[in-house]
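Asker: Build out the structure end to end from the sequences listed, making use of the hints.
Protein chains: 6
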Amino acid sequence: MKMILTIFFIFSLISISHASVVDFCVADYNAPKTPVGYSCKSPENVTVEDFVYHGLNKIGNTSNIYKVSFQPAFDEQFPGVNGLGVSIARLDILQGGVVPLHTHPDASEVLLVTQGNIVAGFVSSNKVAYIKTLHKGDVMVFPQGLLHFQINSGGNTAIAYTSHSSENPGVQILDLALFRNNFPSWIINATTFIDYAEVKRIKALFQGSD
Amino acid sequence: MKMILTIFFIFSLISISHASVVDFCVADYNAPKTPVGYSCKSPENVTVEDFVYHGLNKIGNTSNIYKVSFQPAFDEQFPGVNGLGVSIARLDILQGGVVPLHTHPDASEVLLVTQGNIVAGFVSSNKVAYIKTLHKGDVMVFPQGLLHFQINSGGNTAIAYTSHSSENPGVQILDLALFRNNFPSWIINATTFIDYAEVKRIKALFQGSD
Amino acid sequence: MKMILTIFFIFSLISISHASVVDFCVADYNAPKTPVGYSCKSPENVTVEDFVYHGLNKIGNTSNIYKVSFQPAFDEQFPGVNGLGVSIARLDILQGGVVPLHTHPDASEVLLVTQGNIVAGFVSSNKVAYIKTLHKGDVMVFPQGLLHFQINSGGNTAIAYTSHSSENPGVQILDLALFRNNFPSWIINATTFIDYAEVKRIKALFQGSD
Amino acid sequence: MKMILTIFFIFSLISISHASVVDFCVADYNAPKTPVGYSCKSPENVTVEDFVYHGLNKIGNTSNIYKVSFQPAFDEQFPGVNGLGVSIARLDILQGGVVPLHTHPDASEVLLVTQGNIVAGFVSSNKVAYIKTLHKGDVMVFPQGLLHFQINSGGNTAIAYTSHSSENPGVQILDLALFRNNFPSWIINATTFIDYAEVKRIKALFQGSD
Amino acid sequence: MKMILTIFFIFSLISISHASVVDFCVADYNAPKTPVGYSCKSPENVTVEDFVYHGLNKIGNTSNIYKVSFQPAFDEQFPGVNGLGVSIARLDILQGGVVPLHTHPDASEVLLVTQGNIVAGFVSSNKVAYIKTLHKGDVMVFPQGLLHFQINSGGNTAIAYTSHSSENPGVQILDLALFRNNFPSWIINATTFIDYAEVKRIKALFQGSD
Amino acid sequence: MKMILTIFFIFSLISISHASVVDFCVADYNAPKTPVGYSCKSPENVTVEDFVYHGLNKIGNTSNIYKVSFQPAFDEQFPGVNGLGVSIARLDILQGGVVPLHTHPDASEVLLVTQGNIVAGFVSSNKVAYIKTLHKGDVMVFPQGLLHFQINSGGNTAIAYTSHSSENPGVQILDLALFRNNFPSWIINATTFIDYAEVKRIKALFQGSD
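Chains as they are written, first to last, in our numbering: chain A, 1086 to 1295; chain B, 1086 to 1295; chain C, 1086 to 1295; chain D, 1086 to 1295; chain E, 1086 to 1295; chain F, 1086 to 1295.
The reader is advised that the hints may include incorrect statements.
For chains that are exact copies, the list does not tell them apart, and a pair is met inside one copy or across any two.
DSSO-like, lysine-lysine: derived pairs with alpha carbons at most 30 Å apart [stated by the list, open to error]:
#1 Lys1212 to Lys1152
#2 Lys1212 to Lys1288
#3 Lys1285 to Lys1221
#4 Lys1217 to Lys1152
#5 Lys1143 to Lys1212
#6 Lys1217 to Lys1285
#7 Lys1152 to Lys1285
#8 Lys1143 to Lys1285
#9 Lys1221 to Lys1288
Quick caveat, the hints were computed from the structure, so don't treat them as lab data.
Answerer: So this is what it looks like as structure tokens:
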């Protein structure tokens, strides 16, 4: 009886009067975002579901020009990773499919192949292309901010998971950055040496204007 | 006269129109918390009292099973440390008292003994136990996230202060994590190899359920 | 002809005289380690194989008391992740197997289940246990430094991959920290309230001494 | 036709339902400030003007005792630098002008001279004074938090730009810190060994009280 | 006499026995590089020249296809910026010249125009192109890792200085990454949708193979 | 028997072939220093003594002009704090003693008074002086890089401990930075407005030259 009471003291000793977020910071999408992620949900409103994500358990929509489905569990989709400095995404590449050249401006990537075969690679600032054919169970890293790609190298649908050193890696797909917006074609031509007519052709493909 | 006027210019030159927080970020407990701490109080409302904390100047409640009082001056208690990356706490260990095995998930610790004698130690990931008897004036470090403890090693009440590499170190006390909540006993047994009956016995002691 | 020459200039313009490491820092295991990882291998000696890891493509040894194989691709095993702030590991849990309670002192974790069913959970500093049964394709996060576990919840071998917010997460397994070294039994008893005889019993199981 | 439709999917695939800030965090001066800068403006309200600053394109007011104009483009003035970890400022030093001894508590500095001649220097913790006369095109660095100065070393107005390793470097000007506020003169005398009468004399010059 | 002696004590009090690097870490190019920069030169060997860089005081070689000279003062060129988290570079763009699309994988950029007129822009992850014509004295920011460009927009040679949030920003020039190495043309075609013949044409221009 | 063998596997499973430093990085003073601290001692050579420091258990030499002893346990003195982001120091201020105005360029400070009375204060970038008389048990914070001081405010020797948010805070003492080196007097006069004769007078006191 006495013991039960006394135990209570050590418990209350380090309790605090205002809503405390100590170990984690589940994203509150209705509060301000900061340079390092979302504000935190009050811990009383946090449940185990905030820490679990079911969005990667089946293939996404692959009816696109790349024959690829990319499904991120970044802080925009998965409130529990906010502030933790790590995130994951699922990649399905159909036969003949290609993950186009892209960068993650704010994170490095670890790729894990769980099905099929993938040719993957990145180009360094020193202009060296590091390219490798990966099989089931293989892991490859892509350092932060460098152009990289993945291609189904034959056989059925390939599946891979990408882990990132940030909950907010960003994704800049080269094609979409150049050809699917109002980025003026003459500037693209001038700053890439891609022929103007070719720029216009790809823009038509990607619905870019100007 | 001219001089006074001109001085005014250098002063106003770098003044700014909106409420500016430059050097510090005193916690505003009514504004959102972020992954790196509380939002900042407007600087006009900051006084020297925000930077001073009186809560550590006497022993806290030691009427608990551990015969210990632990009083933190972390960002939850002391608004002035918010954003500064450092904090402090006071520890009183009565004769026969023990600070139970615990970790700080988000900070390393420096312990300073100011009275009495303490046996302190931590276990590394490599499973080496580093243990030492400390006397008045001795300092010991406990690297981030590792299990550590302190025991009054004889004589009167021991007093120590712990400094941390974060204003929000977190405290995970092993006993309370395992035995003072609804963590199912069969899982504790399965994941620690502690006998089921022993789990139940300690749970009764700590008021845990399930 | 002129063009070829001039191109050379832009190339050489930003070349540098000493061995340059710009985008990545592949671990040189023979050079000093620093607080943030290994020194970098000279880039001329780096090949694509440094960025690829084959160690996770089959199950590891599960002939142990936990019926579990845990295979990390951390910076100790995989030189390419050095300095990138992310890493991965593979977990196989046989029927009846258990990943014992443990922490990663220096990283948060994202768990992805790729086969079977797993009961997983962690305990927060506020002593709340967040526990969930996960199925193939489910993802769960475990914030930095908190005690967590995984249990095969029925059916065949479960497989999962854990991603971490550091290339050097550390692993502190509670059982091994307490019972598989020379951590004195009286201290374990005093700082955990686990009965002395029970401590001795588990120590015998784990070959700990003292 | 089919193609246009399918392209839409890759586009929508990674779109998100709530206002997303991925690559940048333009300061919202009406939302809370955090230990790492301002909250982010909603990206729909961001325009190219947020990323451009025109405030440094002419000399500022130099009618002050130092004959200097210092115009920062820090996060208080330039919303686009918020969260980017870099900022810039313009410095004009008239003939006979002096940038007084000062520190930036939260950033290192790179100084670039674009007109005139400047004697610049800093003092290290080891009490070594590193001093150099700089000419047009020269660059000098001043490590974080160290006392440094710049003096027009002859000829016409000197112009320089300072870049900083933070969007919020802070500026603590020694004279103003000591002599232009209510910092008690006896404390200044006691903690600097500057003669009390001299303290009073300079305080009169700088309008400090007490 | 007594005074001189006693002063000596405060001096020696905080002196240290081994070579101490406290405030800065001037690069030692002969010692190992780490994930966060070069090892430090012993402070006795550091002089003011380590903190001053003269390499930006005149235009560099512009006899290249871009009609541009880019001269960095990054940690590879300027030992004094090592470890300081900031660096600078000079950019000269002749009439008709173009800084091609590129990214800095590890740093944000602040651009300052000091002569001439420049059309500059970047594309966000959300595929918005932010483009602006800048004049002398204008400043523009380019967030980390995003594709950006600068074009002389008419008149004589334009000069600009770029400041970065790292001493090691990296530079990945899109053209050189794609077309000036052994990156296989079929992969470029497959991952960018640029016509194979066009890839081959540009590769010939940039001396790329394969 | 079987059990003992199998336990061995889980143990060896995560063992590694080269010398591993996982949880801590005890300073190796004979290996290169990096921008973030010393290289790590090989873990086999680490003992508990590396984590314990005895240098603060008595008063240091106070036979100096300030009547103060300042004894740091920073990474230069205490190898165990290397890489941990926290450190401590002991301060003894005799009756009439003064800790002169100084900054820590790389760390914030938490001051704890354990004996006597101290007037302490700091000046912000906004030129506000925050000053307070502290008694035994009081705590005060001094944000990174700001000028601050401590004065024995009456009674016997005051004792305090300062904790810092870095293992390498640096200490720039204003007097010693200005007056105890070869910093030219005319520059000090020009950049501080302290009268030239007064500069010379204090320089004589502190043995500065030039």
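Asker: Give a verdict on every hint.
Answerer: Structure-based check of all given hints:
no. : hint               : in the structure
1   : Lys1212 to Lys1152 : both (28 Å within a copy, 20 Å between copies)
2   : Lys1212 to Lys1288 : both (27 Å within a copy, 13 Å between copies)
3   : Lys1285 to Lys1221 : neither (39 Å within a copy, 33 Å between copies)
4   : Lys1217 to Lys1152 : within (21 Å within a copy, 34 Å between copies)
5   : Lys1143 to Lys1212 : between (37 Å within a copy, 27 Å between copies)
6   : Lys1217 to Lys1285 : between (32 Å within a copy, 22 Å between copies)
7   : Lys1152 to Lys1285 : both (23 Å within a copy, 25 Å between copies)
8   : Lys1143 to Lys1285 : neither (36 Å within a copy, 39 Å between copies)
9   : Lys1221 to Lys1288 : neither (36 Å within a copy, 33 Å between copies)
The structure is inconsistent with the numbered hints 3, 8 and 9, although it conforms to all the rest.
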